[in-house]
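Note that the UniProt record's numbering has the sequence shown beginning at 1, numbered continuously upward.
Don't read these hints as lab results, they were simulated from the structure. Virtual Cβ for every residue (Gly too), placed ideally from N, Cα, C. Take the hints with a grain of salt, since some may be wrong.
What the hints assert, rightly or not - The list that follows gives simulated cross-link-like pairs (lysine-lysine, BS3-like), each with its CA atoms no further than 25 Å apart:
(1) LYS745 with LYS721
(2) LYS899 with LYS745
(3) LYS566 with LYS470
(4) LYS213 with LYS227
(5) LYS213 with LYS169
(6) LYS76 with LYS470
(7) LYS155 with LYS423
(8) LYS45 with LYS58
(9) LYS721 with LYS585
(10) LYS213 with LYS423
Claimed, not checked - Ranges between beta-carbon positions, derived for each pair:
(11) ASP650 with LEU513: 37 to 47 Å
(12) LYS423 with PRO505: 35 to 45 Å
(13) GLY6 with SER152: 46 to 56 Å
(14) GLN736 with GLU66: 57 to 67 Å
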Amino acid sequence: MATIDGRPAQYQITLKNLREIMEHRGREGVSIVNEYGGVHEICKKLYTHPNDGLSGSKADIEHRRETFGSNTIPPKPPKSFLMLVWEALQDVTLIILEIAAIISLLLSFYQPADDDEPVLEEEEEHYSWIEGLAILVSVFVVVIVTAFNDYSKEKQFRGLQSRIEGEHKFSVIRGGDAVQINIGEIVVGDICQIKYGDLLPADGILIQSNDLKIDESSLTGESDHVKKSEVTDPMVLSGTHVMEGSGKMVVTAVGVNSQAGIIFTLLGAAVDEHEAAAKKKKKDSKKDKKLKDGDEITNNSHHPALKSQTTVDSITSDDGEEGKGNGGGGGGHGGKEKSVLQAKLTKLAIQIGYAGSTIAVLTVIILIIQFCIQTFVIEQKQWRNSYANNLVKHFIIGVTVLVVAVPEGLPLAVTLSLAYSVKKMMKDNNLVRHLDACETMGNATAICSDKTGTLTTNRMTVVQSYICEKLCKVTPKFSDIPRVVGEAVVEGISLNSAYTTCLMPGTNPGDPLQQVGNKTECALLGFVQGLGKSYQTIRDNHPEESFTRVYTFNSVRKSMSTVIPKPGGGYRVYCKGASEIVLKKCSFIYGQDGVLEKFTRDMQERLLHQVIEPMACDGLRTICIAFRDFVPGKAEINQVHVDGEPNWDDEENIVSNLTCLCVVGIEDPVRPEVPDAIRKCQRAGITVRMVTGDNINTARSIATKCGIIRPQDDFLILEGKEFNRRIRDSNGDIQQHLLDKVWPKLRVLARSSPTDKYNLVKGIIDSKVSDNREVVAVTGDGTNDGPALKKADVGFAMGIAGTDVAKEASDIILTDDNFSSIVKAVMWGRNVYDSIAKFLQFQLTVNVVAVIVAFIGACAVQDSPLKAVQMLWMNLIMDTLASLALATEMPTPDLLLRKPYGRTKPLISRTMMKNILGQAIYQLIIVFGLLFVGDRFLDIESGRGQPLNSEATQHFTIIFNVFVFMTLFNELNARKIHGQRNIFEGLFTNPIFYSIWIITLVSQIFIIQYGKVAFSTKALNIEQWLWSVFFGLGTLIWGQIVTTIPTRKMPKKMAWGRGEAEYTEAIRLGEERYDSMDNDKKPRAEKFAVWTKSTTV
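Take these sequences, add in the hints, and give me the full structure.
Dropping the structure here:
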């Protein structure tokens, strides 16, 4: 018989059996497990041990993977490059340009028979097809650039997604040791340790559990938490969240065989069917447009797929709940407001789109009317087929004006800026999950931060203890503590803490011990070791299976209790938790020399004022350890007599009349870099608030050390109870006007619950007290922080201490749990915002000038001085390069010296509008000067009034060249948007910028000298080149003059793109998550919708 790793290769239970078992719930689940002999028998059939787990040998793991599948769900294949090319070709404007260019191309080869006019000169006729071809080549270049950008973007984000997945590790037992492994490496038969806050990576059956409650809403849609235990409902499923308790399970299904995997598989098929059906319906609806029931046909058959979509959305992302919108591409109500930049860009897009479309239509109409009047009224000619060519040329000019009016480079600028920032932010310990969070962070006006681990190091140690009325500021000797008390303290700490929490040796000899699991519990275990005792020996004598009951820690209890059987019969309850909470439940205390005393109200008050408050004022977290005995025989004063088993569900009575063993003060030092980071935030106009579950004195002490509050400040420090009293009316309802009286001065919220945190965040976001509206960032690590993280404009989860639930709800994961990384996120966010504003300042100047030149040129000289191909070069190629140059500017510390923009400040400030209009005036004066008097001034042949298809002139070539040079030099001006004079500052720190600038310059020289007919240019001499450079340099001098004009005296209406975030579903941008980015984009419909929509990454 074949063997693997010393055991039979044939398992005694099949994949089919395991799938059948996992389809049952509740009592049915218990019955079917019992049919197979119970969970221990199932472990035997899978050749695994309930306590020691798998051996972990490579052969065994590989064999299990082959037999039962791997814990991965195959991703949807990425779009091919050709598919992305095809999508880029769907752009309406590009399609119009392609059609117009093809018609122009065909007409250039068409010689009408009825044309009795003299035939064009041979050379001109020979080259008349080149403009059409040049437009097609330009379109081809744009499409390839767009497709390549999308391709590299998708590749990068898939890499980021795999990085996010790679961060997800899980605790399994292999070879008797608890090890953290990547969730993709989990196999059937693994014994997993599950705890509060975990996102379960596979299906399994519980072997042992403590007070376990699971949120199964992602699978069932039911929001109530489901109690799980070996005797009531032992089935735990992948994709569900552990909301309370802990336990141990044997893995029975992974990957596509798990319950979440089965839904994914069904969804994949349903989505494909849905897409195919949607395409078919689209075709049918076109055919049957006139039929009355057409609407019914197109609106049916969506429901099954949509149901599947909903089910899986809630598994794959946090978007099923209130808050974040519908993760992928589509709209959907109840979503999070659009991001700050998103809202402003959407509004700006629509305004520019309307303006551009209007001017484009007017240009075509004016050109056609002028041509008709000139040809048929003044010259009184008859219609000839060759005139169709003229009309097509006019149409091409109109389309080109539209192309120029809409800044196609903007989606690229937004995408590049975000993608570049996201990549760089990873090095600064910010793992961005939602792209728009990156720029939203730049607008943040408030940060609500956790204390533990974010502002502090989260490396906790016991530095003070109060045992038997002795306060020690160093770890006492075990021999100095009365034996009965010392043994109870050691046992109480060792057993009444999660067994997943432990102290491991440092990686190198001499390194401090590694704290694994809950850091407060690690500090207590360190205290046990400091007393010279081994917590592991005590745990080995009391395995978790022997516990009678565990009341796990949660934000309501603020304590943890464990019930263990006593050797001589009866039970002992150990309790530990926040000192003021546990002491209220204590009726007895060990006094001097270990004498048991009644714990009176006076003694409680004295202990509070003389021990606990001074500890808290030193910034220490105070923990009380207590116990209670239930005995079958004669009970002592602090014991309870029981004949049978107490009612363990009556927690209030079980955990009462406790005997206090000791109070310890745990130090969690402030991170050394935090005070400076908070100072930077305050200088940058960001208010930092601390929201913590700790005692108010501890919170005040830490807040003072961090610099959140200073002794002389008139700020509020409230406890959760007082906060609630102030913000609620007589009926207990939260009122915004009451909240508005509290939050502006609030700096510390202590002893707060996750609900308090959520109410504070929601209240600040909804408040209209400040003019620019607040943009709030929140940090969180616990499962219950989920609602606040989702409600915040930007949610930061802790990468190390954070639970899976918190990470799922967040926008950015702090991989080092460090507050100073948030400051870096602010800097990068402001940089993104500024990069896009720089590009807009540059782009809109080009647009305004090009559109006016084309429009007035068309009206005044019946032809645009800038030819279609030239405008395409300027708009599509140069814009693409400019967006790349301006989007990759590195952030500077100066970004943290200004106030945040807030929610309603205009995207284009008065300073920017002054620069745009100032440069546009200069460039228009130069261009029109050259158009109307340049031929005489430079003594060259005039380009005005030239017939169709005539040879290019130096006159119009100089206009094109001067315009490009002015644009190139204005790109340098665009690097500064806040009125700074030194536009060269930091220029050489950005090699991308100056490389692109030089490449564009060289390309322009090549186009002018050698472009000839293809670009409608004629080579220039050295004098004409010098004039071009002179007018180009003039933009830099003119820029300095414009900067001198005081911005304050300009009307506020000049600021443009105010766009407060609305709940419209018009155009969503930057909202897709990495794991939903492969949703197919819908065909693009309107030109001005195109560039906002394509910003969706």
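For each hint, the structure was consulted:
no.: 1; hint: LYS745 with LYS721; result: holds, 17 Å
no.: 2; hint: LYS899 with LYS745; result: holds, 18 Å
no.: 3; hint: LYS566 with LYS470; result: violated, 29 Å
no.: 4; hint: LYS213 with LYS227; result: holds, 5 Å
no.: 5; hint: LYS213 with LYS169; result: holds, 21 Å
no.: 6; hint: LYS76 with LYS470; result: violated, 65 Å
no.: 7; hint: LYS155 with LYS423; result: holds, 13 Å
no.: 8; hint: LYS45 with LYS58; result: holds, 20 Å
no.: 9; hint: LYS721 with LYS585; result: holds, 19 Å
no.: 10; hint: LYS213 with LYS423; result: violated, 38 Å
no.: 11; hint: ASP650 with LEU513: 37 to 47 Å; result: holds, 39 Å
no.: 12; hint: LYS423 with PRO505: 35 to 45 Å; result: holds, 36 Å
no.: 13; hint: GLY6 with SER152: 46 to 56 Å; result: holds, 49 Å
no.: 14; hint: GLN736 with GLU66: 57 to 67 Å; result: holds, 60 Å
Hints 3, 6 and 10 from the earlier list are contradicted by this structure; the remaining hints agree with it.
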